[in-house]
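Enquirer: Sequence:
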Amino acid sequence: MMVRNWVIGLIGTFAVFAPAQQQDLFKPLPPMRWTPRHYECLRTNQKFHIDGKLDEKDWQKAPWTDSFLDIEGSDKPAPIYRTRMKMLWDDEYLYIGAEMEEPDVKATLTKHDSVIFHDNDFEAFLKPRATESGYFEFEINALNTGWDLYLNKPYREGGKADNSWDSTGLKTAVTVQGTLNNSADRDHGWTVEIALPWKGFDSRQPVSAPKPGAMWRANFSRVEWIAGHPREENWVWSPQGVINMHVPDRWGYLEFRDSKD
Numbered sequence: 001m002m003v004r005n006w007v008i009g010l011i012g013t014f015a016v017f018a019p020a021q022q023q024d025l026f027k028p029l030p031p032m033r034w035t036p037r038h039y040e041c042l043r044t045n046q047k048f049h050i051d052g053k054l055d056e057k058d059w060q061k062a063p064w065t066d067s068f069l070d071i072e073g074s075d076k077p078a079p080i081y082r083t084r085m086k087m088l089w090d091d092e093y094l095y096i097g098a099e100m101e102e103p104d105v106k107a108t109l110t111k112h113d114s115v116i117f118h119d120n121d122f123e124a125f126l127k128p129r130a131t132e133s134g135y136f137e138f139e140i141n142a143l144n145t146g147w148d149l150y151l152n153k154p155y156r157e158g159g160k161a162d163n164s165w166d167s168t169g170l171k172t173a174v175t176v177q178g179t180l181n182n183s184a185d186r187d188h189g190w191t192v193e194i195a196l197p198w199k200g201f202d203s204r205q206p207v208s209a210p211k212p213g214a215m216w217r218a219n220f221s222r223v224e225w226i227a228g229h230p231r232e233e234n235w236v237w238s239p240q241g242v243i244n245m246h247v248p249d250r251w252g253y254l255e256f257r258d259s260k261d
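Letter by letter, the sequence shown follows residues 1 to 261 of UniProt numbering.
In silico lysine-lysine, DSSO-like type, Cα no more than 27 Å apart, as pairs:
hint	residue 1	residue 2
1	Lys61	Lys86
2	Lys127	Lys153
3	Lys86	Lys171
4	Lys53	Lys199
Since the hints were made in silico from the structure, they are not lab data.
With the hints as constraints, model all of the structure from the sequences given.
Expert: Okay, here's the thing in structure tokens:
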């Protein structure tokens, strides 16, 4: 899960995981050398069938983000596979669609709340309330296995991960453009579709459907394990300058807007 959860609360107990690379969870932050990215999330009146295809009319009109970059910034090598995403919202849900280019789509984890970043994955980090220190995280792999957790504040500030949070009413789907777990052929990639209900946050923070003009801090990432590489790759929507996703002040801005129709 890119770069970060060494210490993760699992059902009230902390366990220590050892990814391939020591993450910079507690190191001093280098200067921020670029402007965080910004995305206008448009309102939709369409009802979606969550199937991982992103083929409804309003999905087709929603703008894609720029391609993801290395978590440390554009001065690092560019990702070898493209990742991009788009978002919409209505009175019930925040919708997230992501597209991952991948020549050999693989996944192994099937149990909800597994440590999903041990597979290749897609991840969302959402901070709905600027006045609160807490934020939400969701990860998903190509088998449509999810991991949702809440952090009361960043690890560097003494935060703890709450793995008991589950987003009530969450809907997710994945489609694979190719064949899953078959290295004998070449795949195109995989697509994720997420419908995250506003009420799903309520057990940790009250979050209502936003008003047009509302702004959240948010970031989105992809962990990619490449054969022969000494560590996982961490590709993100808005680079942070440090191998640590848990720095909300360095995330991008998600702005909610009315439909442009």
